[in-house]
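Heads up: the sequence shown at position 8 corresponds to 8 in my numbering, and the numbers run straight through without jumps.
Some hints here could point you the wrong way.
[Said to hold, decoys possible] What follows is a list of derived Cβ distance ranges for each label pair: (1) D1 / A35: 16 to 26 Å; (2) A76 / A30: 32 to 42 Å; (3) P53 / A76: 15 to 25 Å; (4) L23 / N62: 14 to 24 Å; (5) K2 / A76: 33 to 43 Å; (6) K2 / A30: 38 to 48 Å; (7) F43 / K2: 31 to 41 Å; (8) K8 / V36: 14 to 24 Å.
FYI, nobody ran anything at the bench for these hints, they're computed from the structure. Backbone N, C-alpha and C define an ideal beta-carbon position, used for all residues, glycine too.
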Amino acid sequence: DKFRESRKLFLMGMALNVLLGPLLDVAGYAFAAAAVLAPFSGFNIVINAVIAPFTLGEKLTNRRLVASVIIFITAAGSIA
């Protein structure tokens, strides 16, 4: 059943994001300063916005693009 398969993949992805993401963040802070890592969190949002139309079929609207750019700029500017 396609619904069960997509639900299973969704739950696996969420589990990886919720459980593995913070562990990798902590590991990253052990090797680099937070000021170095902060822009990458903003860059992650931009990458997700760009890739979503290809992987999820979502439309990248101007509003979403502008919001992603604002998030990236503020994340990068937070270290200045």
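Inset, instruction - May I ask which of the numbered hints given earlier this structure violates, with the numbers listed in increasing order? - result: Violated hints: 1, 2, 4 and 8; rest satisfied.
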